[in-house]
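Trainee: Now for the letters of each chain:
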Amino acid sequence: MMEQSKYLEGVEKKDLFAHGHRACGGCGQALAARLVHDAAGENTIACVATGCLEVFSSPYPDPAWRIPFLHSLFENPAAVASGVEAAYKALGKGPVNIIAQGGDGSTADIGFQCISGMFERGHNVLYVCYDNEAYMNTGVQRSSFTPYGARTTTTPTGNKTRKKNLPMIAADHGIPYVATATVDDFRDVQKKVKKALAIEGPKYIHILAPCPLGWGHPGELTVEVCRLAKDTGLFPVFEIVNGKVTNVRRIPVKLPVEEYLKVQGRFKHLFKKGVPTEEVAVIQEIANQNIERFNL
Amino acid sequence: MNKLPLGLALDLRNVVPYKTGSWRTLLPVNIMQTPPCSNACPAGNDIRGFLRTLAEKKDYEAAWHVLTRTNPLPATCGRVCPHPCEEGCNRRDFDTAVAINTAERAVGDYGLEENLEHKKLIASRKERVAVIGSGPAGLSCAFHLAKRGFHVKIYEAYGEPGGMMRYGIPSYRLPNYILRQELDNVLKLGIELECNVKVGVNIPMDQLVQTYDAVFVGIGAQKGLSIDITGDDAKNVFTGVDFLREVNSGKYVDVGKDVVVIGGGNTAMDCARVAKRLGANVSVVYRRTRIEMPAITAEIDEAMEERVMFRYHTNPVKIITDDDKVVGILSVQMELKEPDASGRARPVPIPGSESVIPADTVILATGQAVDYDGIEVQKRDGKWVAANENLMTSIDGIFAGGDAVLGLETVSAAVGQGTRAASAIEDYIEGNVESRLARPPVIYSRDLNTYYYQKKKRFEKEALPIHMRLKHFKEIYPPFDLEAIIDEAERCFSCGLCFNCGNCFMYCPDNAVKISPKTGLYEFDLDFCKGCGLCAKECPCHYIQMSLER
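Taken in order, these protein sequences are the chains called A and S. Read left to right, the first sequence gives residues 1 to 296 (this note's numbering). Read left to right, the second sequence gives residues 1001 to 1550 (this note's numbering).
The following block holds chain A by itself, in its conformation from the complex (with noise of 0.2 Å):
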C-alpha cells in the first residue's frame, strides 16, 4: 500500500460499502453511505429503512455491504435499530456502532414516529438522514422534505410547502448530537460521523445526497451541486451539541440561488425563457431566511 496522500490525512477509505452496487452514475446516496460507514469502522451494524439505498445495495447473492446489514421496513429503521441496541445490552456485548438510516421519505414521513421514540427513549443509536429530497425509490414523488419549487411526479407544477427542518425538531428532542453534512465535503460528514459514534445516546445526522435522476442534473455535477446548495444558503451545514448551535459553516461567497436552480431539471419550470419568475424571489427569500437564521 502506498503511503497515504497528505491530502487525505484522517480520512477514511476501507470500502466497506463496496462497489457492485447498483446505483445510478453519480448517486449522492450511494456516495454517502461509503463515507459514513468508511467512517463508523468495521464494528457496526447497518439498520436500513426501505428505499433506494437498500434496494439498489443488497440484492443476493452480491450485496454491497460488508458490514452486518439488517433491512427493515420502509417506517421502522429506527425502532429496529433501538431492538438491536438493547439486545446488546441485554446480551451483556459490545460496544457496538448501531446505525440506523433511511432516505428522507423514510426519515420525515413514514418513519418519523419511530424516529421520534427512539430519541425520546435515548437508545444509542446513530440516525443517518439521506436528503434528496423526495421518494426517488419509486419514482420521484413528493416528500415532506421536498423544497419549495421543485417539480416532482405528484407535484408538476412545483411544490407549494416548504422543506420540514428536521435537524431542529430533533434538536428539540433534546438529544446530545445533531449535525448536518453534505457529500462535496468527505472530511466534514466523516469527521462528524466519528464525533457522533463517540458520543453516548440518540444522536442525528443530516446528509444532503443528490439524486442525479430526481433531481435532473448530470451525474457529473453531484458535488457541485451540493457546493451550490451550501454557498447559495439553502442548505445549512451545522452541529448541535447539546441544544446549541455550534461550527456553523460560513458561506465564503455568498451565490444567488438561480446558480443553484439552474443547473437541475427540477427547478426548469421556474425559468421562462431564462427569465426568473416570482418563485425564485420566494426560494431566494428562504436563503435569506437561513442565512439570518444560522449567520452563515
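Don't take each hint at face value.
Calculated pairs, DSBU-like style, for lysine-lysine (alpha carbon to alpha carbon, straight line, at most 35 Å) [unchecked claim]:
#, chain 1, residue 1, chain 2, residue 2
1, S, K1379, S, K1153
2, A, K6, S, K1537
3, A, K13, S, K1514
4, A, K191, S, K1455
5, S, K1514, A, K195
6, S, K1474, S, K1057
7, S, K1058, S, K1188
8, A, K14, S, K1455
9, S, K1058, S, K1198
10, A, K191, S, K1474
11, A, K195, S, K1057
12, S, K1461, S, K1188
13, S, K1058, A, K194
14, A, K14, S, K1456
15, S, K1126, S, K1198
16, A, K13, S, K1003
17, A, K93, S, K1003
18, S, K1457, A, K13
19, A, K14, S, K1514
20, S, K1518, A, K6
21, S, K1474, S, K1461
22, A, K163, A, K191
23, A, K268, A, K254
24, S, K1537, A, K254
Don't read these hints as lab results, they were simulated from the structure.
Place chain S on chain A using the hints.
Mentor: For chain S alone, kept in the frame of chain A given last:
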C-alpha cells in the same frame, strides 16, 4: 462451509461483486498535458516537475536533477531570466503567479552548495563535436551532447568561459563565483575547453569542419554597435558591450562624475547600474518612453530605485568633445508619431529644443551585432546567422544558435537553442530523420477546478536596501530560506498532472478508483466504473478527462 452467525444469509467476505462497468458509455482517462509555464519557457524546463518534487518530497537534490535535465545553468537562469514562465502561470487567474524564478535560483544554489553532479546518459561514443563559444547556447549544446556521450571541445575567444554571462552581465546580478562553479560542473562531464582561441582568427574554420563530425556556432552578438554620431571616437566613449567587458574583466574604469548612457535595452540598464556603482551620476537617454523600452521591467524598476535618471523623448545629436575628451552631449527633444516597422512609436525631433547634458563618459548601448571575423555563413537580414528549423546553417554540418541566430535574446532562449541544436546534431551524425516528440496540448486555467486550491501569498524576494547596494558589486538579492521556497512550490497547481489530491479516490460513488499496487498511483477499476464523470469534474488539475467508450 463455515457456519454463519445467526441472521446472516451469506458470508459477506466471499461475495463476488456484480460488474457494473458494462453500463458505461463514457470512459475516464488520464491525460497528461503541457502546463503553460513549460510552454512559455524558452529553455523548455520541466517547471511543474521540479516544483512538485520540491512540494511533495521536499527534496532539493531530486528537484535539481529534474531541472538540469533541460537546463545546465539553473543558478544562473534563476538570477537573470526575465521569467516568461510566470507570465504564463495559470495561478495568475486565481491569485498571483508562483515565484518560479526564485525557486529555480534556490534549487540551482543548492546544487552548487552540495556539489551535485550531472549524470551521463551514455558513457562514451567516438564522434567528436566542436562548439564555438562558451556562452549559454554553446554550453547548453555541449552539455547535452556530452551527456549523450559525444566528445565535445569548446573554443572560447576570451580568457574565461561564459560568454555574455561572464563579460556582459554585471556581478550584482550574477556573481562570478556562481557562474564559474556552474560552468565547472558542466565541464566535469568531460568537455574540453580551450580559451583565448578565436575561431576564424587563431584557427581556421575549415580545420574544425575537417576534424570534427559537426560544429556548433554559438558566438553570440559580441560586437557593440555605435550610432552614427559625431564625436564617438573620443576617449571616454564606450559601446555598452565594451564597457561591461572592461568592468567584468576586473579592470578599473574611471568614469568621472557624470555618465550618460544612450539606449533603452538590457545592456543600457546594466551599464547605467554599473556606472552608478562606480560612483557616478547616471542618466539614461532614450528616444521614446518607458513603455517602448525593450529592457526587462524589473531591471528598469531596479535602476530607478538606484536613482538612475531617465531622460525620455531625448535623442543625442552630437558628442561635445574638448581636447579629445567628452564634456557633454547635445541632445534634442523628440515627440512620438505613428508606429514604425518595429511596432514602436516613431520619434520625430521637435525643432529648437536642443539642450546640453554634461558628461564625463558616454556609453552607447544602442545595439549589438555578430562578430563574423573569419566565419563565412549565410546571413539573415544581413545581420544574424541564417539557420533552418534544425538550426543548421547554410553549410552542411555547421549548426548555430543563441543570440547569433535569434538576435538579442535571453540566456534561457540561448539555452533552449543549445538543447535543440544538440538533438539536431545527434540526428545529423546518426543520419536519423529529424524526429521531435509532439507535445501534449497546453492546459489553461478555464479547464481547472480551482475550488480545491487555497489562496496563499506569493514568496517575494527581498533586495538589499539601496544604500547598501551601491557601495559594491555584491549580489542585491541575498540567499533565500529553503523552507519558504518549499512552501512556495506548494502553490503550484500541477496543471495537467496528478498530484495525489485523492478527489477521484474519495468521490467515486462506485469505489472504482483504486491505488495501483505497482505504481502507487490512482487507477480506474473499469470493471465497476459507471462513467458518471464525477472524478473528471472534480479533478483540480484536469488530469482526468472523459472520453467515448471504445
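Trainee: Can the restraint linking K1514/S and K195/A be considered satisfied, given a maximum Cα separation of 35 Å?
Mentor: Holds, at roughly 27 Å.
Trainee: Holds or violated: K1058/S with K1198/S, Cα cutoff 35 Å?
Mentor: It is violated: about 45 Å lies between the C-alpha atoms, which goes past 35 Å.
Trainee: Do the alpha carbons of K6/A and K1537/S lie within 35 Å of each other, as the hint requires?
Mentor: 21 Å, holds
Trainee: For the pair supplied as a hint, K191/A and K1474/S, confirm whether the alpha-carbon distance does not exceed 35 Å.
Mentor: 54 Å, violated
Trainee: Going straight from one Cα to the other, do K93/A and K1003/S come out at no more than 35 Å?
Mentor: OK: K93/A and K1003/S at ~20 Å, within 35 Å.
Trainee: Taking 35 Å as the top limit, are the C-alpha atoms of K191/A and K1455/S close enough?
Mentor: Roughly 24 Å between the alpha carbons, so the hint for K191/A and K1455/S holds.
Trainee: If you draw a straight line from the CA of K1518/S to the CA of K6/A, is it 35 Å or shorter?
Mentor: OK: K1518/S and K6/A at ~20 Å, within 35 Å.
Trainee: Given the proposed pairing of K195/A with K1057/S, does the C-alpha separation stay at or below 35 Å?
Mentor: Distance ~33 Å between K195/A and K1057/S Cα, so the pair holds.
Trainee: Need the status of pair K1457/S, K13/A: alpha-carbon distance at most 35 Å?
Mentor: 33 Å, holds
Trainee: Holds or violated: K1126/S with K1198/S, Cα cutoff 35 Å?
Mentor: The given pair, whose Cα atoms are some 25 Å apart, holds under the 35 Å limit.
Trainee: Do the alpha carbons of K14/A and K1456/S lie within 35 Å of each other, as the hint requires?
Mentor: Holds, because 33 Å separates the two Cα atoms, which is no more than 35 Å.
Trainee: Has the given pair, K14/A with K1514/S, been kept, meaning a C-alpha gap of at most 35 Å?
Mentor: 11 Å, holds
Hints 9 and 10 from the earlier list are contradicted by this structure; the remaining hints agree with it.
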